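Residue numbers (the working numbering), protein chains in the order written: chain A, 1 to 442; chain B, 443 to 745; chain C, 746 to 1056.
What the hints contain is simulated information worked out from the structure, not anything from laboratory work. The structure displayed is predicted, hence computed values, not measured ones. Among the hints, erroneous ones may be present.
BS3-like, lysine-lysine: derived pairs with alpha carbons at most 27 angstroms apart [what the hints assert, rightly or not]:
| hint | chain 1 | residue 1 | chain 2 | residue 2 |
| --- | --- | --- | --- | --- |
| 1 | A | K50 | C | K1003 |
| 2 | A | K50 | A | K72 |
| 3 | A | K327 | C | K1003 |
| 4 | A | K57 | A | K332 |
| 5 | A | K332 | C | K895 |
| 6 | A | K349 | A | K377 |
| 7 | C | K973 | A | K72 |
| 8 | C | K823 | A | K72 |
| 9 | B | K728 | A | K399 |
| 10 | C | K895 | A | K50 |
| 11 | C | K895 | A | K327 |
| 12 | A | K296 | C | K823 |
| 13 | C | K823 | A | K57 |
Some residues of chain C that are not near chain B, with every Cβ distance over 12 angstroms (derived) [what the hints assert, rightly or not]:
| hint | residue |
| --- | --- |
| 14 | C807 |
| 15 | D815 |
| 16 | K895 |
One side of the interface only, derived from the structure: several residues of chain A facing chain B at Cβ under 7 angstroms [to be verified]:
| hint | residue |
| --- | --- |
| 17 | K50 |
| 18 | N109 |
| 19 | Q384 |
| 20 | K399 |
| 21 | K410 |
| 22 | T413 |
Backbone N, C-alpha and C fix where the C-beta goes; we use that ideal spot for every residue, glycine too.
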Amino acid sequence: MLQKLKTLGLAVTVAACLGGQAMAGPYDEFAGTTLVVNFPAHPHYNAVMKILPEFTKETGIEVEVDQLPYLKMRERQTLELGQDEGDYDLIAYVVFSKADYVYADQLENLARYYMNPKLADPSYDADDLIDGYVYNIGFAGGNKGYLQGKTGSLFGIPYGSETSVLGYRKDIFEKHGLTVPETYEEMLDIACKIPELEPGMGGLSSRAASGHHASHAFLLHLAPLGGRVFDDAWNPIVNNEAGVQAANALKTIVECGPKGASSFGFGEALGSFLNGDTAMFLDTTVVAGQIDDPSKSKVVGKVGWAMHPMGTRRGSQTGGFGIGIPKNAEHKDAAFLLMQWLTSKKGDKLVALAGGNPSRFSTHEDAEVNAKFPHMKTFGEALQHADPDWRPIIPVWGKINADLGTTLSKVLTEDLDIQEALDGVAERTKAVMEDAGYYTWK
Amino acid sequence: MSYSTLNRLTPYIFLVPALVIMAIALIYPLGYMVYGSFRSWDPSQALPDTDFVGLANYISLWNDPNFHESLMVTLKFAFSVVSIEMVIGVGLALLLDRNLRGMSLLRTLFILPMMIAPVVVGLMWRYMYHPSVGIFNRSLEGMGLGSVDWLGQHALLSVVIADIWQWTPFIFILSLAALQSLPRSALEAARIDGATGWQQIIHIKLPLMMPVLIVTCLLRLIDAFKVLEVILVMTEGGPGLSTEILALRISRTATEFRELGVAAAMSNYLLMLLLLLTIMMLAYNKVLEVRAARARRIAEEGL
Amino acid sequence: MADQEKKQHPAFYALLVLLIMMSVGPIALMFVNSFKLDVDIISGTSGLLFLPTIQNYETALCDVLPYELDHLDFCSLKFGGSFINSLIIALVSTVLTLIIGCMAAYALVRFRFMGRDTVSGTTLMVRMVPPAVLLVPVFGLWNNEFCLDKEGWLGGLIRDNFGGRGDVCLAGTHSGIILIYVAMNLPFVIWILQSFIVQVPRQLEEAARMDGAGPFQVFFKVVLPLIKPGLAAAAIFTFRIAWNEYLLASALSDRDTKTVPILIVNNMSEFNVEWGVIMATGVLLAIPPIIFTLFASRQIITGMTAGAVKG
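Working from the sequences, and respecting the hints, build out all of it.
Next comes the structure, spelled out in structure tokens:
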């Protein structure tokens, strides 16, 4: 079957060459290629699915997408990237996989593609890509090993950039004369007032389920409250004052939240906001599309957006996905062309209009996009305060993240003392870091 | 090949496929696992490229509080599930052991939960336990009783309930079969002697059913250690580690933490635990049989 | 006895009804919900007052429906493909297990290799091994060791004819998953069939042999037809495991060989739990086992009790 397709593709290519020898475009050489790409099941990539036919029409390159839940995606990629020859030509990877893949030398350094005049589009305008994301998702080898810097280089392009924003119910806030919170104190205060003002409604819906969700929710508060997981010498400082404050904030939010909040994953947290069970939602920007979709949401038109409240500083999350080319891919050049097309000004705007998260400054300011999604401007502003270092992206992070997440979940459901819990995390983290060799240079 | 050699070789020819498949796909993997459990093994490495670390994986697990908790959760889950199911299942069998017209239909409906995919069972229960949409909280609220945080604060209980729903029929059906194969003469004799229903159950039915009940209990206990999909779909092991049974932890260690060596060591611990339980129950069964035989002999000598 | 029963009637039948409701209720609930839109499920227009829709089934089956769906922008859930994978894997592994198991059971009984105790012991041992324990070794072996070099003649042949890249490994193929299912089910099947073959009168076989039938003919023409009920029971149990299993299949399958349980777990996506569609996939997955149960409950019960009760 595949063989047949290939033959067919060859025939098409030959025909294309014969037909249009005079005006050989950048894509002609690859027309008829089938790229196998691995994307997550995620609202942004659902939007990407809608614009892919456009790419195929324009370039003649076919794309076969393997869509997986994002944690599952990582398992699959670990396996595929480890082989001599892999199935995937282009992968979307979660931010924290960057460390693993780059360290294991499994992603292509993009320099040689951008240097290739036959592949690189001169009108690409890389400066328009949002800095924080390129540093957070694309770069490796610079500061702290996982950020931009003089020793760093580019391994991927952010695609599906998210930051955190505060969604609030305009109608509820108006009804009770509440002002949109600017600081953490105000936000926690309002979060606990809501259940009194509106019986049956929770204050803020946050994820809190054991593992990645609880850890994510905690880190969301840690950066604005002035905390970090590690200091500059890789000592865990998650148990300092800011850490305790962040855990307390999470606990307050869950306690004043909707019922069952302590077991919410992202889906449940969003679901309760969509269903009108909570007055506020503090998480990624990726949800905006669903909130405006009447088949999924009961709060269409009732939601306002504001910046992630300040603690001691602005520090909204940087998250989402990057796309990169595996070292063991079969069609690397064509994969680069797809990657470039998707992240170009045109592709970025198309995906934004289809409900995705744009990764360029210009798209956030684009009139057409803003007319369709009025929140885009706030999101663009929030992106400028996005903190690329809100969570460490080191190879052992997966393990620390899991420990942090389960421990916090215990704080939320079993009333474990916060200081004690975080001290435990710090201690175990220290051991993990020691094992991984982070204290070699002491 | 002559006819007689073919005849002589037949049994081997008949056995070989089964032996080959079990050797390749069961015995060899288990050996491979034991070998792997002594190595520091990452999913991106092939096993021969890994480093030998001795007992390090076993020792670090032995000292790992998360492993202890997961082990405790597994034991709690398995024993509570099996004991509750035994009581309900045997109780129902004693109650329903009579000639009813709809009995076969009833049994058919009872085995449905067992036949359905665990993944589907998990998803049904996850829906029913849903904090606001689920049928439990809705009914509770309808009766004005307030809601329960099923999969949050009472996650283990919720998981146990789902398992009881799925597997009590197994015990019911086995005990019913055991009851119906009891020697009618013994029961008849007891009734003539004027034994009440309870006396019949305690002194005659239960002791006679005992060997079957022990095997049933053993089979169920072994299966309780294998439960994974239902819990995976319902809670993913959370909140905290409160429902993270060992099978789930093995799969998380292998895929999420990427420590295949540790996962292999954990698998070995689980296997040893199961082996121990099996041997204990079989030994107990043997003791019972020996005692029964001796009692019979004494009774015969007494005559 | 009879009048005793009459006295209990009302409470007794109430109990029966309650039990039936409890065991079938959740399944019925899933069935009903699969015909509701998500908005109806979430908002709880409870009970049976809703407009039934087959939209969830359309969404689930979008890759095999002959027409385009208006409510979908693209077909993300490829249920049809997974269903076919599940079917291939479950059917082939059932047939293989039965053939191989049958032969082995026959040899064990007729040629007195091992006593029934040994077989029972082995069965119990294998039953003791949780699939999670097999996860790590099977993952490692199927991906790295049970491979054919793509330069070799067979590996090269496969690559030329079926496409794909790299060495030809068992992981990611139907055969890889089938192999582990066959191995997992064999001991149980051998054990069950053994108890049926023991009951086949030896004289019948000897009579056939007198008539000049070879050992294979005796086996296929005389023994097999007599143990049909045992075969049915064994088949249902094997099929059930192969059809329902998630963990090993998820470790061994790739994008083209996903089975339905994997699809369902994958689509309990954290971003958007689409209850209606998930319930629809759940119903579709549950239908074959339910049909078996309704039509062959006697064989299932035989299979279940054969072990424990007969010893």
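A quick look at each hint next to the structure:
Between the alpha carbons of K50(A) and K1003(C) the distance comes to roughly 23 angstroms, so the proposed pair stays at or under 27 angstroms and holds. Taking the CA atoms of K50(A) and K72(A), the gap is about 22 angstroms. The hint holds against a cut of 27 angstroms. The suggested pairing of K327(A) with K1003(C) holds, with an alpha-carbon distance near 25 angstroms, which does not exceed 27 angstroms. With a C-alpha separation of about 20 angstroms, the suggested pairing of K57(A) with K332(A) holds against the 27 angstroms cut-off.
Taking the CA atoms of K332(A) and K895(C), the gap is near 21 angstroms; set against the 27 angstroms cutoff, the hint holds. A threshold of 27 angstroms between alpha carbons decides the hint, and for K349(A) with K377(A) the separation of about 14 angstroms falls inside it, so the pair holds. Of the pairs offered as hints, the one joining K973(C) and K72(A) is violated, with about 43 angstroms between alpha carbons and a cut-off of 27 angstroms exceeded. The hinted pair formed by K823(C) and K72(A) meets the criterion: a straight-line CA distance of about 17 angstroms does not exceed 27 angstroms.
Of the supplied pair hints, the one linking K728(B) and K399(A) is violated, its CA atoms being roughly 46 angstroms apart against a limit of 27 angstroms. For the proposed pair K895(C) and K50(A), the alpha carbon gap of about 36 angstroms is over 27 angstroms, so the pair is violated. Proposed proximity of K895(C) and K327(A) is supported: the alpha carbons are some 19 angstroms apart, at most 27 angstroms. The suggested pairing of K296(A) with K823(C) holds, with an alpha-carbon distance near 22 angstroms, which does not exceed 27 angstroms.
For the given pair, K823(C) sits about 23 angstroms from K57(A) by alpha-carbon distance, which is consistent with the 27 angstroms threshold. Remark: the non-interface label on C807(C) is consistent with the geometry, its nearest Cβ contact in chain B lying 20 angstroms away (cut-off 12 angstroms). Consistency note on D815(C): stated as away from chain B, and its beta-carbon is indeed over 12 angstroms from all of that chain's, at 26 angstroms minimum. No Cβ of chain B comes within 12 angstroms of the Cβ of K895(C); the nearest lies about 16 angstroms off, and the non-interface call holds.
The criterion of a C-beta within 7 angstroms of any C-beta in chain B is not met by K50(A), whose closest approach is roughly 28 angstroms, and the hint is violated. The interface hint given for N109(A) is broken, as the beta carbon of that residue sits about 19 angstroms from the closest beta carbon of chain B, more than 7 angstroms. Interface hint at Q384(A): violated, since its Cβ lies 33 angstroms from the closest Cβ of chain B, which is beyond the 7 angstroms cut-off. Checking K399(A) against chain B by beta carbon gives a least distance of about 5 angstroms; that is within 7 angstroms, so the hint holds.
Taking 7 angstroms as the C-beta cut-off, the interface hint given for K410(A) holds, the closest approach to chain B being about 4 angstroms. Because the beta carbon of T413(A) sits about 5 angstroms from the nearest beta carbon in chain B, less than 7 angstroms, this interface hint is met.
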